[in-house]
Amino acid sequence: MRMPDTSEILLQVEGVSLAFGGVKALRNVSLDIRKGEIRAIIGPNGAGKTSMLNVINGFYHPNRGAITFKGRTRAQMQPFEASRGGIARTFQNVALFKGMSALDNIMAGRTLKMRRGLLWQMLRYGPALAEEIEHRHRVEEIIDFLEIEPIRKVPVARLPYGLQKRVELGRALAMEPDLLLLDEPMAGMNLEEKKDMSRFILDVNDYYGTTIALIEHDMAVVMDLSHRVVVLDHGVKIADGTPDEVKKNQGVIDAYLGIAH
Amino acid sequence: MADGGSFDTFPKLLLRNAAKFGNHPAFRHKDLGIWQTWTWTEVAGIVRAYAAGLQRIGLQPSETIAIVGSNRPKLYWTMMAAQALRAIPVPVYSDAVADELTYVLAHADVKLVAAQDQEQVDKVLSVSDRVPHLRKIVYDEPRGLRDYDHSRLIAIHDVIEDGRAALAGNAAFGEQIDEIIRQGEGSDISIILYTSGTTGASKGVMLSARRCIDAVTDTVRFDRLTQNDVALAYLPLAWVGDHYLNYAQGLAAGFCMACPESGETVEQDLREIGPTFYFAPPRVFENMLTRVMIRMEDAAPIKRRMFDYFLGIARRHGESILTGKPVPVSGRLLYALGRSILYEPLKNVLGLSRVRVAYTAGEAIGPDLFAFYRSIGLNLKQLYGQTEAFLYVTCQPDGEIYSDTVGPAAPNVDIRIAESGEVQFRSPGMFVRYFKDQARTAETLTPDGYVKTGDAGFFDEKTGHLKIIDRAKDVGRLADGTIFAPKYLENKLKFFPSIKEAVAFGDSREFVCAILNIDLTAVGSWAERNNIAYGSYQELAGHPLVYDLVAKSVAEVNRSLAEEKVMAGAQIRRFLILHKELDADDGELTRTQKVRRGFIAERYAPLVAALYDGSHEADISTEVTFEDGRKGVIAARVKIRDVPAIGATEPLGRAA
Numbered sequence: 001m002r003m004p005d006t007s008e009i010l011l012q013v014e015g016v017s018l019a020f021g022g023v024k025a026l027r028n029v030s031l032d033i034r035k036g037e038i039r040a041i042i043g044p045n046g047a048g049k050t051s052m053l054n055v056i057n058g059f060y061h062p063n064r065g066a067i068t069f070k071g072r073t074r075a076q077m078q079p080f081e082a083s084r085g086g087i088a089r090t091f092q093n094v095a096l097f098k099g100m101s102a103l104d105n106i107m108a109g110r111t112l113k114m115r116r117g118l119l120w121q122m123l124r125y126g127p128a129l130a131e132e133i134e135h136r137h138r139v140e141e142i143i144d145f146l147e148i149e150p151i152r153k154v155p156v157a158r159l160p161y162g163l164q165k166r167v168e169l170g171r172a173l174a175m176e177p178d179l180l181l182l183d184e185p186m187a188g189m190n191l192e193e194k195k196d197m198s199r200f201i202l203d204v205n206d207y208y209g210t211t212i213a214l215i216e217h218d219m220a221v222v223m224d225l226s227h228r229v230v231v232l233d234h235g236v237k238i239a240d241g242t243p244d245e246v247k248k249n250q251g252v253i254d255a256y257l258g259i260a261h
Numbered sequence: 001m002a003d004g005g006s007f008d009t010f011p012k013l014l015l016r017n018a019a020k021f022g023n024h025p026a027f028r029h030k031d032l033g034i035w036q037t038w039t040w041t042e043v044a045g046i047v048r049a050y051a052a053g054l055q056r057i058g059l060q061p062s063e064t065i066a067i068v069g070s071n072r073p074k075l076y077w078t079m080m081a082a083q084a085l086r087a088i089p090v091p092v093y094s095d096a097v098a099d100e101l102t103y104v105l106a107h108a109d110v111k112l113v114a115a116q117d118q119e120q121v122d123k124v125l126s127v128s129d130r131v132p133h134l135r136k137i138v139y140d141e142p143r144g145l146r147d148y149d150h151s152r153l154i155a156i157h158d159v160i161e162d163g164r165a166a167l168a169g170n171a172a173f174g175e176q177i178d179e180i181i182r183q184g185e186g187s188d189i190s191i192i193l194y195t196s197g198t199t200g201a202s203k204g205v206m207l208s209a210r211r212c213i214d215a216v217t218d219t220v221r222f223d224r225l226t227q228n229d230v231a232l233a234y235l236p237l238a239w240v241g242d243h244y245l246n247y248a249q250g251l252a253a254g255f256c257m258a259c260p261e262s263g264e265t266v267e268q269d270l271r272e273i274g275p276t277f278y279f280a281p282p283r284v285f286e287n288m289l290t291r292v293m294i295r296m297e298d299a300a301p302i303k304r305r306m307f308d309y310f311l312g313i314a315r316r317h318g319e320s321i322l323t324g325k326p327v328p329v330s331g332r333l334l335y336a337l338g339r340s341i342l343y344e345p346l347k348n349v350l351g352l353s354r355v356r357v358a359y360t361a362g363e364a365i366g367p368d369l370f371a372f373y374r375s376i377g378l379n380l381k382q383l384y385g386q387t388e389a390f391l392y393v394t395c396q397p398d399g400e401i402y403s404d405t406v407g408p409a410a411p412n413v414d415i416r417i418a419e420s421g422e423v424q425f426r427s428p429g430m431f432v433r434y435f436k437d438q439a440r441t442a443e444t445l446t447p448d449g450y451v452k453t454g455d456a457g458f459f460d461e462k463t464g465h466l467k468i469i470d471r472a473k474d475v476g477r478l479a480d481g482t483i484f485a486p487k488y489l490e491n492k493l494k495f496f497p498s499i500k501e502a503v504a505f506g507d508s509r510e511f512v513c514a515i516l517n518i519d520l521t522a523v524g525s526w527a528e529r530n531n532i533a534y535g536s537y538q539e540l541a542g543h544p545l546v547y548d549l550v551a552k553s554v555a556e557v558n559r560s561l562a563e564e565k566v567m568a569g570a571q572i573r574r575f576l577i578l579h580k581e582l583d584a585d586d587g588e589l590t591r592t593q594k595v596r597r598g599f600i601a602e603r604y605a606p607l608v609a610a611l612y613d614g615s616h617e618a619d620i621s622t623e624v625t626f627e628d629g630r631k632g633v634i635a636a637r638v639k640i641r642d643v644p645a646i647g648a649t650e651p652l653g654r655a656a
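Protein chains in written order, with the UniProt record's numbering: chain A, 1 to 261; chain B, 1 to 656.
Read the hints as simulated data drawn from the structure, not as lab findings. Every value quoted in this text rests on a predicted model; they were computed, and no experiment measured them. Ideal Cβ placement from N, Cα and C applies to all residues, glycine included. Among the clues, some could well be false.
As the list claims (entries may be wrong) - Under 8 Å between C-beta atoms, here's a sample of chain A residues computed to sit facing chain B: (1) Glu-131; (2) His-137; (3) Glu-141; (4) Pro-150; (5) Arg-152; (6) Glu-193; (7) Tyr-207.
To be verified - Derived DSS-like pairs (lysine-lysine); straight-line CA-CA distance at most 27 Å: (8) A:Lys-153 - B:Lys-111; (9) B:Lys-303 - B:Lys-500; (10) A:Lys-195 - B:Lys-123; (11) B:Lys-111 - B:Lys-136; (12) B:Lys-123 - A:Lys-194; (13) B:Lys-347 - A:Lys-153; (14) B:Lys-580 - B:Lys-552; (15) B:Lys-594 - B:Lys-473; (16) A:Lys-153 - B:Lys-500.
Using the sequences and the accompanying hints, generate a full structural model.
Right under this line is the structure:
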């Protein structure tokens with residue numbers, strides 16, 4: 001696997017803490033994501049992985065700490081600011097428009113890039129038409145990339161789970177993000193679907209040069225895919241490094257296997 | 001209308017088409033959701049540039065270039081460009097595993113490989129050290145190949161552009177390329193097609209340009225194909241069917257080859273393109289019908305009744321109307337009504353609205369299935385052929401269509417039945433020889449120049465059409481000398497929905513017996529409708545009423561055999577229903593779901609013995625492999641049923 005070319009930092013999380021009432025989801029966590037890398041966030045159930053992603057894309061606001069994305073530091077960010085800023089994500093439970101076709105779902109990912117007003121779009125005429133053709137072209141490239149031509153016009157509710165996940169990845173890609181957050185992209189998939197998804201994640205990283213942060217439970221997948229891994233346990237960062245380093249870390253082994261008391 | 005005429009190579013036909021049909025579409029391919037079109041003029045230009053580019057990377061006359069991938073315009077153009085340089089294209093099945101691929105690439109001495117995408121490039125690279133002459137790989141789709149070592153890899157697009165630039169800068173070079181095309185001769189080997197190799201290593205069938213063009217000229221005339229026809233090119237490139245029906249006929253008639261977006265979108269692409277010439281193996285037609293039937297089950301009752309009613313009308317009159325036989329006025333009126341509310345919309349859903357000529361071949365097609373498509377007005381016909389003939393040996397002319405024959409000899413084809421019952425032919429397109437295999441060439445050709453097909457068959461008395469019964473080596477004889485063709489009998493049995501598999505025995509025996517498998521879905525739902533309770537496959541298979549049901553089907557088969565003089569003696573006298581399904585995991589079927597007769601005879605030897613010793617029950621215990629890989633033993637007592645022979649000369653009592 002190719003290592004990212006630069007060590008330029010795309011996103012920096014510093015001393016972030018997050019609490020829901022008495023539950024401390026994250027405790028003083030710092031991590032960085034370098035441009036062009038695949039960064040995995042792992043940990044046992046309830047370790048705070050999804051909370052971390054939600055903090056990064058502005059869905060949760062940390063009680064303490066700061067986030068620097070593309071050189072701009074802010075304590076709080078709204079989700080729409082995150083998406084405008086170039087952060088796209090997929091969800092642990094697929095969040096697509098069930099009644100719409102795969103094509104329309106991915107087109108929805110282009111919404112932020114549409115410049116024409118509602119009226120033009122309703123008329124579907126002139127500049128709005130030209131714009132739609134341009135966007136459709138980009139979407140078709142993604143459809144080709146993810147090899148989902150056969151299901152282009154199929155309502156996503158009728159698709160098997162593995163394909164829904166792929167459509168969701170397509171919608172995130174349609175935003176042409178700088179940072180792509182994947183929340184358990186392989187959850188509930190069979191072996192073949194996992195292989196496909198792994199290949200697409202690597203291809204996205206390679207072909208579009210997209211920086212990817214992913215949460216995943218399947219250790220084999222994480223170790224194969226990612227350049228660097230950060231391990232959370234009970235909201236605390238317990239390890240950070242290359243897959244090999246993390247695998248040997250005693251704290252990580254204890255967190256996963258438990259310690260004899 | 002056009003055909004091969006006086007042209008003796010495909011590149012010359014391409015130039016003819018560019019001159020004659022200039023702006024007619026030659027190729028279509030759906031890319032990024034939109035059908036892209038190339039006219040004959042454009043294709044001729046691209047192929048000339050491509051040939052120039054290939055020459056610049058060192059492709060010489062009579063060298064071979066392998067083509068690995070699915071139906072893409074650029075891969076078809078690779079064939080054309082190679083033929084323009086008088087080199088020989090060798091298409092390879094895109095799903096070939098590494099070993100098969102190595103065998104073909106090495107055996108054919110390929111110098112270049114044209115691969116569709118990363119997957120195929122990877123496969124070729126992984127075996128390249130075993131392909132000594134391989135110099136370069138050209139590829140169609142660049143995705144994923146960016147970081148590969150490009151000293152041996154070139155995009156087809158770049159080869160074409162390089163050729164185009166070289167042609168533009170040097171008129172003499174262009175003249176040189178055109179001269180090579182002009183020099184091409186009919187005796188040049190046009191293509192080498194490797195047979196799939198069910199018997200031993202695959203053989204490279206060499207076909208010459210002149211013979212290829214002669215063969216397609218005949219069938220293009222036979223089916224009146226013109227530049228206004230369209231075919232969906234979705235069959236495997238390496239199969240003679242695709243090379244003949246799409247590539248060769250396309251060039252000869254000047255019709256448009258439409259390449260599907262991907263293998264999985266063929267169904268949708270079929271609807272969008274609406275081909276006028278269509279080929280599919282029986283399996284595809286069967287799947288289509290099953291899909292329609294399943295969807296009709298879920299339709300509203302009124303629609304279902306309409307569907308059933310008009311299919312009834314079609315069954316009664318459709319075939320006669322299609323072949324132009326007399327039909328009462330009331331029948332015509334009802335059929336016309338049915339056409340507007342059912343048949344045409346149905347064909348439209350299947351993408352068959354515009355089909356003028358459709359063929360099926362490869363295996364026996366069920367009579368009901370065949371009749372269904374013909375009754376709704378699809379001109380479906382059968383052909384029989386093989387790679388060594390460059391496809392056609394026989395085909396059914398319009399108006400003489402039967403589900404159980406493959407038709408009379410195709411135009412200009414000579415057929416004879418050898419002493420042994422083997423079908424032999426001489427045809428315009430017949431192969432020159434097997435590549436680097438003198439011994440097997442000699443084995444296949446008779447001294448007087450006929451090709452042995454390896455298939456046994458006979459000419460039907462009523463129609464004069466050829467009937468193929470089995471592979472010649474599987475055909476045996478009963479003790480009294482009657483021809484015994486197991487597959488022919490098995491196919492007849494399997495056309496009944498309740499019978500899933502059948503294994504016939506009879507070689508050197510007194511009479512024919514069969515071991516059958518019931519179809520759990522079909523018989524299960526029949527049992528449900530008739531209030532027959534059962535707990536397992538084994539129990540259902542042994543149920544006396546199921547035996548009655550199956551015995552009726554076997555009697556039906558005997559009745560149809562009795563009508564054929566050659567086969568009348570080979571009626572099925574006794575049968576049993578096996579207590580378990582034949583399974584590839586137990587070695588009883590091949591992975592392609594063909595029965596392994598010899599193995600089954602051995603494994604169930606006590607049952608076979610019981611079939612012939614007159615007993616009405618037999619015990620058997622066999623080892624089976626469960627889905628998780630564990631092994632176990634199933635023991636059962638299987639009943640045996642006698643079936644009366646129709647018009648038989650001797651009663652079973654004496655035979656047994």
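field: Structure versus earlier hints - violations, ascending order
entry: 1, 6, 8, 9 and 16
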